[in-house]
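**Q** Here is what each chain is made of, one letter per residue.
Number of protein chains: 4
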Amino acid sequence: MIKVGIVGGTGYTGVELLRLLAQHPQVALHAITSRKEDGMPVAEMFPSLRGRVSLSFIEPAKAPLTGCDVVFFATPHGVAMAQAPELLAAGVRVIDIAADFRLKDTAEFERWYKMPHRCPDILAESVYGLPEVNREAIRKARVVGMPGCYPTSVQLGLMPVLAAAKSTGTPLIEPTGIIADCKSGVSGAGRKAEVHTLLAEASDNFKAYGVSGHRHWPEIRQGLSAIAGQAVNLVFTPHLVPMIRGIHSTLYARLTLAGRATDLQALYETCFAGEPFVDVMPAGSTPDTRSVRASNIARIAVHRPPESDLLMVLVVEDNLVKGASGQAVQVMNLMLGLPEEMGLMQIPVLP
Amino acid sequence: MIKVGIVGGTGYTGVELLRLLAQHPQVALHAITSRKEDGMPVAEMFPSLRGRVSLSFIEPAKAPLTGCDVVFFATPHGVAMAQAPELLAAGVRVIDIAADFRLKDTAEFERWYKMPHRCPDILAESVYGLPEVNREAIRKARVVGMPGCYPTSVQLGLMPVLAAAKSTGTPLIEPTGIIADCKSGVSGAGRKAEVHTLLAEASDNFKAYGVSGHRHWPEIRQGLSAIAGQAVNLVFTPHLVPMIRGIHSTLYARLTLAGRATDLQALYETCFAGEPFVDVMPAGSTPDTRSVRASNIARIAVHRPPESDLLMVLVVEDNLVKGASGQAVQVMNLMLGLPEEMGLMQIPVLP
Amino acid sequence: MIKVGIVGGTGYTGVELLRLLAQHPQVALHAITSRKEDGMPVAEMFPSLRGRVSLSFIEPAKAPLTGCDVVFFATPHGVAMAQAPELLAAGVRVIDIAADFRLKDTAEFERWYKMPHRCPDILAESVYGLPEVNREAIRKARVVGMPGCYPTSVQLGLMPVLAAAKSTGTPLIEPTGIIADCKSGVSGAGRKAEVHTLLAEASDNFKAYGVSGHRHWPEIRQGLSAIAGQAVNLVFTPHLVPMIRGIHSTLYARLTLAGRATDLQALYETCFAGEPFVDVMPAGSTPDTRSVRASNIARIAVHRPPESDLLMVLVVEDNLVKGASGQAVQVMNLMLGLPEEMGLMQIPVLP
Amino acid sequence: MIKVGIVGGTGYTGVELLRLLAQHPQVALHAITSRKEDGMPVAEMFPSLRGRVSLSFIEPAKAPLTGCDVVFFATPHGVAMAQAPELLAAGVRVIDIAADFRLKDTAEFERWYKMPHRCPDILAESVYGLPEVNREAIRKARVVGMPGCYPTSVQLGLMPVLAAAKSTGTPLIEPTGIIADCKSGVSGAGRKAEVHTLLAEASDNFKAYGVSGHRHWPEIRQGLSAIAGQAVNLVFTPHLVPMIRGIHSTLYARLTLAGRATDLQALYETCFAGEPFVDVMPAGSTPDTRSVRASNIARIAVHRPPESDLLMVLVVEDNLVKGASGQAVQVMNLMLGLPEEMGLMQIPVLP
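So the sequence lines, in the order shown, correspond to chains A, B, C and D. Heads up: the first sequence runs through residues 1318 to 1668, numbered per this note's numbering. Heads up: the second sequence runs through residues 1318 to 1668, numbered per this note's numbering. Heads up: the third sequence runs through residues 1318 to 1668, numbered per this note's numbering. Heads up: the fourth sequence runs through residues 1318 to 1668, numbered per this note's numbering.
For the record, the hints were derived by calculation from the structure and aren't laboratory data. Take these hints with a grain of salt, some might be off.
Identical chains blur together in the list; that is why a pair holds if it fits in one copy or across any two.
[As the list claims (entries may be wrong)] List of simulated lysine to aspartate or glutamate pairs, DMTMM-like, C-alpha gap at most 25 Å:
1) 1509 - 1361
2) 1483 - 1624
3) 1421 - 1624
4) 1379 - 1580
5) 1353 - 1491
6) 1457 - 1361
This structure is a prediction, so every number in the text was calculated from the model and none was measured.
Let the hints inform the model, and build the full structure from the sequences given.
**A** This is the structure we're talking about:
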């Protein structure tokens, strides 16, 4: 059995990680930390885990993390980079669900997260944890920075057209003017007490936010550019949907002549053939977020809007699973040589 | 592998049954019928099942149901009693999630369901599928009538005090004047196109309904009376909650002198000790419906309201799982000699 | 025009008061205070008021409150009793939407609100602001304590049976064992940043809370006892509904022989005949909360559950209007000799 | 008093029209028709109108519509064009909230609505009821086709840049490649019993729909082209939001060199200065749909996304008010020479 530690288990990515790991056949939960809730049984805070998780939260200083095989960080940013050196030195693999190992450029990190990066060497070594792009590198990694929820959906949605161009040398879409009009459920904002995500504020309501610059924007740009092998730019507009879970990304890009001549449906199906967690829907589909609720699957539909030269891609994922904790477990499986799907085959909950 | 058939798989209990059975290690889905959707792949109607259920709907006349080991009815009432005789004759076990085998008194059935009962002999043989009450009878049954969603929650909530009285001869609560003030998510109304359950009608709204007589009322009365070994009466008030899944039953009963002298928390804990799917919460708890979302668990909290002689019991369940399809799988496991928990250990989805 | 001041306008009762007063034909908003938001235009915090409210928040010390005709307190408890003496001395009428002038017994106040009462003499003088019960006293009052949201619904729902007994000497219901099973939208918890009222926590969820003792319990008891002219006791169980606005109270009481012989529908209709804001629904109705959304109306339905000796009353109100700010404007109208309905005739918003 | 008739009052635009007209100081409701509900009091179907609307539904053949000053059609398409000739002949003004008088090209109408147009001459005479664009023509019109909900928001959002180009001859945005990524609450689908808009289907869920061609697409194209004085094309992607009311349109267009050099915030503020129902928000704003809930206001925010040549405009409106019935009352006021704001000054309901 694999000994797993979780740093910061009181938020939504934490409890989702617990739900998945407690059902994983090869995992033994070894420690879970919380600065504030030292001594409280996990199942007292989250009754959904009664009878399934017997651990109590423990303060970080006392937690036996160096005795783990792998440690997940389900914390605010800044925590993983402070603790990673000691864990790696002890031979522990590190998976950061927060943002410390997402942006490869420390200046970019500092601009968006307003703090210096504490371990640029580990950042340089770290792998960006998007399995569909970086599977082999993840298998060998000691430390992985998990993609953000929005970036996962946008990168999966544009990967086929961008990767094809990289391999053939013929671009299928223009690398600028891409639009990612994204919509997320409120759990994406985390389990923090804030006025704007109260039910009485966010329910029966819809709005855009962060339009002047969201932290996921540089990450998406970095990821798309890496996939394309050239600089890619985009406009990223996140919106808040009155629902708990789910991201729906509506992506628009201008097709080149070559792109317009391509069978895009076939391209997407081929690109993701064999991917256990990416489902290309039949032509004409409009996937809904509930079709992936509580599962690790992303569903993608490819469209050519009438009387236009645009590609439109619709992507849905559960922001807490494929967009966060589920993908982190997928990465753990890869890092530890387990079957990639292990513990992640729950069927979506519908209705 | 057990060959399973489903009659009527296009409603919510149907798709929930599919979700559970497709993950059950001993089940092979053999046939699923629909009068209207003959030939349509199940996963086309419910994209959540893409890649997991390969069956197509088939019209009832053509379905190989007599070749199944067990057939579930996830239909409106009236269907199971029409088809049960042929299936039983072929040696198939029958589990009806609808109402045909709930009420033992055919006159009562006809009063509430407005149709004659077509097979009173099978009704007489059938077992009421509440495992916590009828486990041994279920193991031996050929045909089981599954409890309604509300009746499951009310019977579990009052079973300890009523059963104790039956075994000791000393009543703990008055058998009349019991109040079951119950609240259900909208999926309880089924996947029928109706105005009153549209999102624009039922969302951001709350109301009582069916107060002059709901079909679950005689069923609850029959069940409580059977548990108590004497006639029990109650007022049953269902309410519609603007949520998808979940039932919360708030139960009130007047305690007798003996009841007031009883350690009720201990009584409940003892009564349900060893039950895999009933969780008695610590004293003082107020369970929420999401703590059992998409799982087969019922959670119960026992209260003594201040300055009163009342017992108050709070019960939560997922109406589609413990209140319907999950409990039906639990019953299947019992009927077929499988471990009772098999395929039913999913952890609730929170948030 | 009447000069109105509001102390504490950043919460939900505050913004609702602003919505109503800005449309009131006889009101001029004179000052609105906020400790934290001094200088911020009200319409910047609440864009719904853009173009309609030109005031800015001002810190309490600088606010020209003594120049007002009437001052509303839409604050946490403890504030109104600190400022009422000075305002009353200046001839200003005081309407407290918080709890400082609800409980007449200072010991009871201190037990539930954990602070000494600072002006028992003003408390003694104050009137409880339920117009249907206290209309004449309100007209003459200098200071009014507004009822809580739950207490308004429960008192209106039981007033006819209790008041009838007072006037005739023949009780219609038993004064003990009354049950108020109440359900409220989340705005009742206020606009405070708290985890349990986040959308991702409270949406698609239902639970009871405060069952071991809620501050509205002694207030309801006091109010019902006053109406009945004798001690009345009840069990009060509040529940949280995943919606923004609305309270639905389901009330149960045991009818006496006299009560069972009474035409209860007629009793209720007579009792509330002429009341501008109480609507007795036709027999058999189940009112929904949206039928009063954003309006000052309470709707009531009277039921006799089958095969029982119980009275069941269903009451719906908008917790922010008839349960708080709307009723406060109704009281203001009475205190100032204006038509009681003035500014309060908005039709409910449905759907 | 103006005598008003409503044809088809049982849907959401019907009940919203009733809410607004019942509060309009110059309107007397004269007749309201329903094929199915002949004889039923309106307030029995919609309890929110109890005490405020005393009319009963009457079947169309018996309704005294020709005695009205103005008749609204809140029906499916096809009804208004059948009845308009007789009404106009009787001197009655006609306001169609459905689609019969939206598309000026009968071939286009027939392509999208699958029926021949029955009165092309009246269509030719009719005015498109967007007051901000057609105010003077509306004042003189006998028959007005009201804009759809989505088209209202998209046209208001792009009107300033397109109209400026028309008057100066210098385009500010490219007339092709415009994207309207629009999100609507579920009431936009109407009060029809359909599975996909059930709460249990549409709640806690998000999806695109109608992407291969929505009936509002040709209408938007026609409207934008008319404003611009040249052919304008766009991609229109509607999405379904799990909320009752509200539309949020996120609009993207490529700025020309002239557009990039323009102070767009000033342009929008100037364009809508004096408009009673269009509110240009301060620079940097992200308006939410609840800020216009139940009111006739549209709020608009203008953005320049970082590192791009795009214009992004955010528009919110209540789809049932400014997107349908409220705008229809605004048009009625114009047609009848009443103050444009009369009966439409309700402050949005927040929270």
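**Q** Hint by hint, note whether the structure agrees.
**A** Against the structure, the hints:
Taking the closest pair of Cα atoms, residue 1509 and residue 1361 come within 25 Å of each other both inside a single copy (18 Å) and across two copies (24 Å). Taking the shortest Cα distances, residue 1483 and residue 1624 sit within 25 Å of each other only across copies (24 Å), while inside one copy they are farther apart (28 Å). With identical chains, the CA atoms of residue 1421 and residue 1624 are at most 25 Å apart between copies only, with a shortest distance of 20 Å across copies and 40 Å within one. Taking the shortest Cα distances, residue 1379 and residue 1580 never come within 25 Å of each other, neither inside one copy (57 Å) nor across copies (39 Å).
In this assembly of identical chains, the alpha carbons of residue 1353 and residue 1491 never lie at most 25 Å apart, being 49 Å within a copy and 46 Å across copies at closest. With identical chains, the CA atoms of residue 1457 and residue 1361 are never at most 25 Å apart, being 37 Å at best within one copy and 38 Å at best between copies.
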